[in-house]
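*Asks:* Single-letter residue listing:
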Amino acid sequence: MFYVAGGIRYEVEIQDQEGPTPRFAAGATLAVQRIRGAGVSDAVAKAVASSKALRSRVGALSPVAIIKPVKAPRAAAALPTTRASAAYLTQTLIVEGARSADLAVAQEEGALIVEEGLDGKVLLGADSAQHVFALVELLTARGVGAVAPNFVRRMVRPQAAPIQRAWALAKIRVAQAWKITRGAADVRIAILDEGVDTGHVALKDAVVAERDFIGDNGASAMPDGDDAHGTACAGIAVSRDDVYRGVAPRCSLIAARIGIGDGAGGWVFDDFSTAEAVDWSWREGAAVLSNSWGGGPPSDLISRALGRARTQGRHGLGAVVVIAAGNDQAPIDFPGSLAGYVTIGASNSRDERKTRTSSDGERWWGSNYGPTLHVVAPGVFIRTTDISGARGYEVGHYTDAFNGTSAATPHVAGAAALMISANPSITASAVRDLLAKSAKRLAGQTGWTQELGWGRLDVAAAVQAAARAKRRGTRKNARKKRGKNATQTKRTSGRRAPRARVRESARKSPRR
Amino acid sequence: MKRYYYAGGARVPLDRDRDRIAIDISRARDAGLDNLVAVAASAGARTLAGKVAVVPRKALGRDALGKLRDEKALLPVYRHGTTLLVPLPEVRVEFEAGQREKTLAALPSAPHDVEITDDVNDHVVLRPCSGDGDEAIDVANFVFEKVHPAAAAVRFVRFVPRPLEAG
Numbered sequence: 002m003f004y005v006a007g008g009i010r011y012e013v014e015i016q017d018q019e020g021p022t023p024r025f026a027a028g029a030t031l032a033v034q035r036i037r038g039a040g041v042s043d044a045v046a047k048a049v050a051s052s053k054a055l056r057s058r059v060g061a062l063s064p065v066a067i068i069k070p071v072k073a074p075r076a077a078a079a080l081p082t083t084r085a086s087a088a089y090l091t092q093t094l095i096v097e098g099a100r101s102a103d104l105a106v107a108q109e110e111g112a113l114i115v116e117e118g119l120d121g122k123v124l125l126g127a128d129s130a131q132h133v134f135a136l137v138e139l140l141t142a143r144g145v146g147a148v149a150p151n152f153v154r155r156m157v158r159p160q161a162a163p164i165q166r167a168w169a170l171a172k173i174r175v176a177q178a179w180k181i182t183r184g185a186a187d188v189r190i191a192i193l194d195e196g197v198d199t200g201h202v203a204l205k206d207a208v209v210a211e212r213d214f215i216g217d218n219g220a221s222a223m224p225d226g227d228d229a230h231g232t233a234c235a236g237i238a239v240s241r242d243d244v245y246r247g248v249a250p251r252c253s254l255i256a257a258r259i260g261i262g263d264g265a266g267g268w269v270f271d272d273f274s275t276a277e278a279v280d281w282s283w284r285e286g287a288a289v290l291s292n293s294w295g296g297g298p299p300s301d302l303i304s305r306a307l308g309r310a311r312t313q314g315r316h317g318l319g320a321v322v323v324i325a326a327g328n329d330q331a332p333i334d335f336p337g338s339l340a341g342y343v344t345i346g347a348s349n350s351r352d353e354r355k356t357r358t359s360s361d362g363e364r365w366w367g368s369n370y371g372p373t374l375h376v377v378a379p380g381v382f383i384r385t386t387d388i389s390g391a392r393g394y395e396v397g398h399y400t401d402a403f404n405g406t407s408a409a410t411p412h413v414a415g416a417a418a419l420m421i422s423a424n425p426s427i428t429a430s431a432v433r434d435l436l437a438k439s440a441k442r443l444a445g446q447t448g449w450t451q452e453l454g455w456g457r458l459d460v461a462a463a464v465q466a467a468a469r470a471k472r473r474g475t476r477k478n479a480r481k482k483r484g485k486n487a488t489q490t491k492r493t494s495g496r497r498a499p500r501a502r503v504r505e506s507a508r509k510s511p512r513r
Numbered sequence: 115m116k117r118y119y120y121a122g123g124a125r126v127p128l129d130r131d132r133d134r135i136a137i138d139i140s141r142a143r144d145a146g147l148d149n150l151v152a153v154a155a156s157a158g159a160r161t162l163a164g165k166v167a168v169v170p171r172k173a174l175g176r177d178a179l180g181k182l183r184d185e186k187a188l189l190p191v192y193r194h195g196t197t198l199l200v201p202l203p204e205v206r207v208e209f210e211a212g213q214r215e216k217t218l219a220a221l222p223s224a225p226h227d228v229e230i231t232d233d234v235n236d237h238v239v240l241r242p243c244s245g246d247g248d249e250a251i252d253v254a255n256f257v258f259e260k261v262h263p264a265a266a267a268v269r270f271v272r273f274v275p276r277p278l279e280a281g
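Read top to bottom, the protein sequences are chains Y and A.
Residues in the first sequence are numbered from 2 upward in steps of one, following our numbering.
Residues in the second sequence are numbered from 115 upward in steps of one, following our numbering.
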């Protein structure tokens, strides 16, 4: 049994559930007490029994459906069948964009029209789950706009875990960093991704440059359709919303569109276009390049462009290039596999490295590892911006559940931007070093490891370290200047106190 | 013959995906083969819109493949893990000082005829006259091995899995 959605074919298996399968007669009175036993399916049965609309559609509540995408899926497309979240087959299916002839053929095959909805939606009734899929196959073959089983879905309420969902910025101590700076407008973060909703209410005021390198949108980096990945990454770095806050809300945003959907659930990149986007970003003044993409073998064109960003960006101080490690719990993807960059793994709210068995329960992914891993940062249940409107991850402008090293990377990009805001003369290599030195060592960690890098991002400690470096630099310059003057005037007064004060200051400076 | 290309000064092996081919969409359309592009689309092609479509070889018959080949609209597909790579018939050579002249001097002995489609201070772009992606790989390797420029890279289009999204 299968159906197709968003260009992805989903195969469906039926999993037996305990106890009798509850039945609901359309329009008939059903006593809730007839439902025996306890558990998730019974809770769903009660919900169906209490709803006239659901009763009219469900007929017999099927066993749990195990739904597996056949082609490379988005994680969101896989429907988990845990006790907290499950999909149940009903005896109905939804058709959109069907012609009268299509519906007539379906009716000849035993379908009943249950309800006609808005915008050409039609709810069809069938005799059984098997009949539903026979009709789905029939209508798919006839090329209707869309046809799929009408599932009853049990989902976790969005407010079920509000503390968990807001954990990331607190964990990495962003509020403490904001006592020093919330970012400077002239510090620009480039998001290289599948596009950014640059008209988003929480992002638009931050946007200073945008360009499409892979599609035909020219000077716009707006994504296609429901491509929300880049918008989510941008929000983590610079969102100006008061609730869904970015790490560096006063920094600016450059949006470069380098990836595009390939029509089959994957992404497609073009090496030249990617290299061009990298070069354009640092030439546009990006202080930080955030790269939540990767995969495939290395490319010299991309490597060299990243190298130019790192060495020639910011008028020679270097742009900080932050790169996602990847989500396969495998060796790090290119370009994160390049040495000398800031390659990022993911951690969860319990400060564990994200693995398929870590305590967050997301079993389908784990953070990549390898010799170039620099630090880890939050990458599970991340609140951020979503593309505006009904499309994207959730209805509305925001999501609470973005994840992956894609999410971890812009956290570090935002931290690097705050560090540069606090110390505009800091070099990219110094930012990289201080991110490592200031990282919090995780449980049992004594030094750098391939799985954790130098530890978990600590934004407050990193920004404090950058600010201290600025003070030290200022004093060093002052001493040099004074030394020069003293030589000229045959220094007569003692000028050693500042050196002592520097030491005193250093001792008092916050240290982790 | 096992193919490879150079990255970071080292050979990167390429595994040919014999089950898939790629169509240069604009060349196919220019040649009036829109119907084959449509066939590819209906066969679940992975596409870089308007440019390249990767399609199962069996979705196109021998005649169709022959027509695409004749019109230089057929490109090879290579596989690297979960990534599919399509080499476009373009080679970008980036220079350090003094390498430009050496590169241009070496081109007449390249394994395939090429034209220079872009020539600026620090790089040139070469195109095999055949429009063949494999010939582009050969030319890039020849230039790299002969001149050792900063880079001699084929323009790959890479199809990768989407990263994770909202969980």
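Hint data in this document are derived by calculation from the structure and do not stem from the laboratory.
Computed from a predicted structure; not experimentally measured.
For every residue, glycine included, the Cβ atom is placed at its ideal position computed from N, Cα and C.
A portion of the hints provided could be inaccurate.
[Stated by the list, open to error] Stretch-level coverage of chain A by chain Y, calculated; a stretch enters the list once three of its residues show a Cβ under 8 Å from a Cβ in chain Y:
#, segment
1, 183 to 196
2, 204 to 213
[Stated by the list, open to error] Within a straight-line C-alpha distance of at most 20 Å, the following computed EDC-like cross-link-like pairs (lysine to aspartate or glutamate) qualify:
#, chain 1, residue 1, chain 2, residue 2
3, A, Lys-165, Y, Glu-117
4, A, Lys-165, Y, Asp-128
5, A, Lys-216, A, Asp-148
*Asks:* Does each hint hold? Answer for all of them.
*Replies:* Hint-by-hint comparison with the structure:
Figure legend: the segment 183 to 196 of chain A, annotated as covered by chain Y; annotation consistent (3 residues with Cβ-Cβ distances under 8 Å, at least 3 required). With 3 residues having a beta carbon nearer than 8 Å to a beta carbon of chain Y, the segment 204 to 213 of chain A meets the requirement of three or more and the stated coverage holds. A threshold of 20 Å between alpha carbons decides the hint, and for A:Lys-165 with Y:Glu-117 the separation of about 40 Å lies outside it, so the pair is violated. Distance check on the hinted pair: A:Lys-165 and Y:Asp-128 sit about 46 Å apart at the alpha-carbon level, beyond 20 Å; violated.
The straight-line distance between the Cα atoms of A:Lys-216 and A:Asp-148 is roughly 42 Å, outside the 20 Å bound, and the hint therefore fails.
When held up to the earlier numbered hints, the structure conflicts with 3, 4 and 5 and fits the remainder.
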